[in-house]
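Assemble the whole structure, with the sequences as input and the hints as a guide.
Number of protein chains: 2
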Amino acid sequence: MSGISPLAPKKFPAMPEVAGVRLGAGASGERYKGRDDLLLAEFAEGTRVAGVLTQSQTPGAPVKWCREILPVGRARGLVVNAGNANVFTGKAGDAAVRRTAKSAAKILCAPANEIFIASTGVIGEALNDARITQALPALYDKIGTKSWPDGARAIMTTDTFAKGAARRVTIDGESVTIAGIAKGSGMIAPNMATMLAFIFTDARLPVRLLNSLLRPATARSFNSITVDGDTSTSDTCLLFATGAARHRAVTRAGDKRLNGFRAALEDVMTDLAQQIARDGEGASKFITLSIRGARSEAAARRVGLVVANSPLVKTAIAGEDPNWGRLVMAVGRAGEQVRTEKMVITIGGHKVAAGGKQAPGYVEKIVARHMKGKEIAIAIDLAVGAGAATVWSCDLTHKYIDINADYRS
Amino acid sequence: MSGISPLAPKKFPAMPEVAGVRLGAGASGERYKGRDDLLLAEFAEGTRVAGVLTQSQTPGAPVKWCREILPVGRARGLVVNAGNANVFTGKAGDAAVRRTAKSAAKILCAPANEIFIASTGVIGEALNDARITQALPALYDKIGTKSWPDGARAIMTTDTFAKGAARRVTIDGESVTIAGIAKGSGMIAPNMATMLAFIFTDARLPVRLLNSLLRPATARSFNSITVDGDTSTSDTCLLFATGAARHRAVTRAGDKRLNGFRAALEDVMTDLAQQIARDGEGASKFITLSIRGARSEAAARRVGLVVANSPLVKTAIAGEDPNWGRLVMAVGRAGEQVRTEKMVITIGGHKVAAGGKQAPGYVEKIVARHMKGKEIAIAIDLAVGAGAATVWSCDLTHKYIDINADYRS
Numbered sequence: 001m002s003g004i005s006p007l008a009p010k011k012f013p014a015m016p017e018v019a020g021v022r023l024g025a026g027a028s029g030e031r032y033k034g035r036d037d038l039l040l041a042e043f044a045e046g047t048r049v050a051g052v053l054t055q056s057q058t059p060g061a062p063v064k065w066c067r068e069i070l071p072v073g074r075a076r077g078l079v080v081n082a083g084n085a086n087v088f089t090g091k092a093g094d095a096a097v098r099r100t101a102k103s104a105a106k107i108l109c110a111p112a113n114e115i116f117i118a119s120t121g122v123i124g125e126a127l128n129d130a131r132i133t134q135a136l137p138a139l140y141d142k143i144g145t146k147s148w149p150d151g152a153r154a155i156m157t158t159d160t161f162a163k164g165a166a167r168r169v170t171i172d173g174e175s176v177t178i179a180g181i182a183k184g185s186g187m188i189a190p191n192m193a194t195m196l197a198f199i200f201t202d203a204r205l206p207v208r209l210l211n212s213l214l215r216p217a218t219a220r221s222f223n224s225i226t227v228d229g230d231t232s233t234s235d236t237c238l239l240f241a242t243g244a245a246r247h248r249a250v251t252r253a254g255d256k257r258l259n260g261f262r263a264a265l266e267d268v269m270t271d272l273a274q275q276i277a278r279d280g281e282g283a284s285k286f287i288t289l290s291i292r293g294a295r296s297e298a299a300a301r302r303v304g305l306v307v308a309n310s311p312l313v314k315t316a317i318a319g320e321d322p323n324w325g326r327l328v329m330a331v332g333r334a335g336e337q338v339r340t341e342k343m344v345i346t347i348g349g350h351k352v353a354a355g356g357k358q359a360p361g362y363v364e365k366i367v368a369r370h371m372k373g374k375e376i377a378i379a380i381d382l383a384v385g386a387g388a389a390t391v392w393s394c395d396l397t398h399k400y401i402d403i404n405a406d407y408r409s
Numbered sequence: 001m002s003g004i005s006p007l008a009p010k011k012f013p014a015m016p017e018v019a020g021v022r023l024g025a026g027a028s029g030e031r032y033k034g035r036d037d038l039l040l041a042e043f044a045e046g047t048r049v050a051g052v053l054t055q056s057q058t059p060g061a062p063v064k065w066c067r068e069i070l071p072v073g074r075a076r077g078l079v080v081n082a083g084n085a086n087v088f089t090g091k092a093g094d095a096a097v098r099r100t101a102k103s104a105a106k107i108l109c110a111p112a113n114e115i116f117i118a119s120t121g122v123i124g125e126a127l128n129d130a131r132i133t134q135a136l137p138a139l140y141d142k143i144g145t146k147s148w149p150d151g152a153r154a155i156m157t158t159d160t161f162a163k164g165a166a167r168r169v170t171i172d173g174e175s176v177t178i179a180g181i182a183k184g185s186g187m188i189a190p191n192m193a194t195m196l197a198f199i200f201t202d203a204r205l206p207v208r209l210l211n212s213l214l215r216p217a218t219a220r221s222f223n224s225i226t227v228d229g230d231t232s233t234s235d236t237c238l239l240f241a242t243g244a245a246r247h248r249a250v251t252r253a254g255d256k257r258l259n260g261f262r263a264a265l266e267d268v269m270t271d272l273a274q275q276i277a278r279d280g281e282g283a284s285k286f287i288t289l290s291i292r293g294a295r296s297e298a299a300a301r302r303v304g305l306v307v308a309n310s311p312l313v314k315t316a317i318a319g320e321d322p323n324w325g326r327l328v329m330a331v332g333r334a335g336e337q338v339r340t341e342k343m344v345i346t347i348g349g350h351k352v353a354a355g356g357k358q359a360p361g362y363v364e365k366i367v368a369r370h371m372k373g374k375e376i377a378i379a380i381d382l383a384v385g386a387g388a389a390t391v392w393s394c395d396l397t398h399k400y401i402d403i404n405a406d407y408r409s
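The listed protein sequences derive, respectively, from chains A and B.
The first sequence begins at 1 in my numbering and counts up one residue at a time.
The second sequence begins at 1 in my numbering and counts up one residue at a time.
Hints in this document: simulated from the structure, not taken from any laboratory.
Incorrect hints may have been included.
When chains are identical, the list treats them as one kind, so a pair holds in a single copy or across two.
[As the list claims (entries may be wrong)] PhoX-like, lysine-lysine: derived pairs with alpha carbons at most 25 Å apart:
| hint | residue 1 | residue 2 |
| --- | --- | --- |
| 1 | Lys33 | Lys342 |
| 2 | Lys11 | Lys365 |
| 3 | Lys91 | Lys342 |
| 4 | Lys374 | Lys399 |
| 5 | Lys351 | Lys91 |
| 6 | Lys342 | Lys64 |
| 7 | Lys351 | Lys372 |
| 8 | Lys102 | Lys11 |
| 9 | Lys342 | Lys146 |
| 10 | Lys10 | Lys372 |
| 11 | Lys106 | Lys142 |
| 12 | Lys11 | Lys64 |
| 13 | Lys64 | Lys106 |
| 14 | Lys372 | Lys399 |
| 15 | Lys351 | Lys106 |
| 16 | Lys106 | Lys374 |
| 17 | Lys351 | Lys146 |
| 18 | Lys106 | Lys146 |
| 19 | Lys142 | Lys365 |
Please read these numbers as outputs of a predicted model, since none were measured by experiment.
This is the structure we're talking about:
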């Protein structure tokens, strides 16, 4: 598909090196011609890893592999290929993953069960892993500490732009870096990570802590976006921590020294998640949906996601139609408690519904003007409790159908 | 929107009279110009009623009214208007319903709490019920026993054809008639009746029995279709039984004399439900999705509906792309148990997936040929249990977006 999403950031961000991480991109030729489709990352000895994987009942072979080796919590390498997801490929698919891990392990002089694998692309076609393993040695020769844009580009499928984000913080007064890359633009829905995302940091943190940081941040970032309500078989979010930073050990999740790091991690992940929604297949508008007054944060997120997934809401936004009745409909079907007569809905800050009906000062023209913009802000107060969450999405356009009615050909 | 759905039945069916039911159509001018938008039905004294209403947390005023009067179980009249759903219209909306019921009650010489009301159309706009009540007297003068097509046409919104179905059976050797009309083509999803449907019979059955017949039949018909996953605030399915038939009283749900009636009722409702899916906004293909091997019937239905709602599945079908990997993805995200390595998927009877991978004898050309047709048959065996269910849906096309990005203008 041609053309970069109109909602894309102006450019790929400047991203710092992360001590202990080297990466690079190469071409396997497995599916795509004339572009990189392979990412290899090497991690220093002692690197710890945490991950969240798709909750799909039909996960891909790489997901099963990651699930198997994650409990060990150590990582020395990461191999990602784009174009073939290696899903529903039977025992041959599992063997392909094992061979890839083994081959990378040999090159990186590391145990195979410390090599993480992720694949994205078409489902159900046999993966020719020989093309990948043959490309690895040459790729290894050119890995470096600055290849973020190349790495992010190599893992793209229908993405129209490469996605990266980074932050610097301190732990204990010592500088720590967090850098992440991600891909995803269709088959995006919140039932876990919903795409591929790899976050790298030089922080020195035990696996248990990495997990306790990663899970809530995933809920508020990658699990708070939706493009089409579909969940991939390959969703993978991995957080690698090399431990090269010079701060003293942190062992308790409640340790205050972690506060800045926790916020920065969520920031990087939210930034990447929003970029994915901005690259939603065919997206012409970026939607920020703030729900408050819900029974709980989780309830607020559920309502937000139901509204964000509603084809009728998404098409109304695509059509720049201030049809707020569809928001009422979508809130109603979420199944979460709402006090209809106290609920307040605003679009672009303008109150459209209140008191169980159209808001008294409602002026359709004001809302219509907001809807002509590229950034749509909708806020809904359910008037039940104190739970709040924000969800990001995009509209549903003809281009989504163009892309998806013709993906494979 | 112009043009009748390419999946529509050739013509409106010949429908018999139902003793004790008279109906007619009229024009209120509330929203639409130059067409009927009002249905009035009169029921003989002694008519019993059962109903299923939307589970939306933001139901319309007519739904609240029906919920209030359903426990009485008696019905003398039905008023339905199209164009304005009278939803999220505050206290004024409730008052409009009460005035409409009162006005119809006066004309029909019946108590107001035996007058059922349903509305469909735009949400959040005040209903000018005076237009409805003013039109009722003239409409009452022309009601009759044969106005099924007119009645079915009057309740349409974005529907492209009127929907009716009827069956004759016997109870106790005596002839009994079941006739139904329905409307719906967008905002169709399974969280109850998902549209307006009115079923009329002359059977003589107590309210308790009507309810016990209606609920499972709703699960297998109207709750087994989906167009876009959105649930209306106005979903209403009512079953009116005039008791004019001459069979002896039936009081137990287990009574074998009911078997034929039960099957015929489900038949009428399934017929109407399928017509709604065939009129799905922008539909170019009718999809029959048979799930078996699930833990239970309900689990099978859930999987079927998740697959049928997947935008990626729906767009692949619109694009005539035999991309069965998306079926695997959608099954996986349903969250129901599946034995991946034993699961079997067929499209148009041709095995595409088995043994955890592409089926050995798979020939893409055969599937591609099936997908060029208007009727798509997909069968999925989850290989877990004995639960089975069939779900009906349609594809997702550019026309859906045309219709919904511009509904109100």
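Hint by hint, here is what the structure shows:
Within a single copy, Lys33 and Lys342 get their C-alpha atoms no closer than 56 Å, and across copies no closer than 35 Å, so neither meets the 25 Å cut-off. For the homomeric pair Lys11 and Lys365, neither the shortest alpha-carbon distance inside one copy (34 Å) nor that between copies (43 Å) is at most 25 Å. Proximity of Lys91 to Lys342 under the C-alpha cut-off of 25 Å is restricted to the inter-copy arrangement: shortest distance 13 Å between copies versus 56 Å within a copy. When the C-alpha separation of Lys374 and Lys399 is checked against a cutoff of 25 Å, the pair qualifies both within a copy, at 16 Å, and between copies, at 23 Å.
When the C-alpha separation of Lys351 and Lys91 is checked against a cutoff of 25 Å, the pair qualifies only between copies, where the shortest distance is 19 Å, while the shortest distance within a copy is 56 Å. Taking the shortest alpha-carbon separations for Lys342 and Lys64, only the inter-copy value of 17 Å comes in at or below 25 Å, while the best intra-copy value is 47 Å. Within a single copy, Lys351 and Lys372 get their C-alpha atoms as close as 17 Å, which meets the 25 Å cut-off; across copies the closest is 47 Å, which misses it. Proximity of Lys102 to Lys11 under the C-alpha cut-off of 25 Å is found in neither arrangement, the shortest distances being 36 Å within a copy and 64 Å between copies.
Taking the closest pair of Cα atoms, Lys342 and Lys146 never come within 25 Å of each other, the shortest separation being 53 Å inside a single copy and 45 Å across copies. With identical chains, the CA atoms of Lys10 and Lys372 are at most 25 Å apart within one copy only, with a shortest distance of 20 Å there and 42 Å across copies. In this assembly of identical chains, the alpha carbons of Lys106 and Lys142 lie at most 25 Å apart only when taken from the same copy (17 Å versus 87 Å across copies). Neither within a single protomer nor between protomers do Lys11 and Lys64 lie at most 25 Å apart by alpha-carbon distance, with minima of 35 Å and 52 Å respectively.
In the homo-oligomer, the alpha carbons of Lys64 and Lys106 lie at most 25 Å apart inside one protomer (21 Å), although the nearest pairing across protomers, at 68 Å, exceeds that limit. For the identical chains of this complex, Lys372 and Lys399 are neighbours both inside a copy (18 Å) and across copies (22 Å), given an alpha-carbon limit of 25 Å. In the homo-oligomer, the alpha carbons of Lys351 and Lys106 never lie at most 25 Å apart, since the shortest distance is 61 Å inside one protomer and 40 Å across protomers. Taking identical chains as interchangeable, the C-alpha atoms of Lys106 and Lys374 are never at most 25 Å apart, the minima being 48 Å within one chain and 53 Å between chains.
Proximity of Lys351 and Lys146 under a CA criterion of 25 Å is satisfied in neither setting, with 47 Å inside one chain copy and 48 Å between copies. Within a single copy, Lys106 and Lys146 get their C-alpha atoms as close as 23 Å, which meets the 25 Å cut-off; across copies the closest is 81 Å, which misses it. Neither within a single protomer nor between protomers do Lys142 and Lys365 lie at most 25 Å apart by alpha-carbon distance, with minima of 56 Å and 43 Å respectively.
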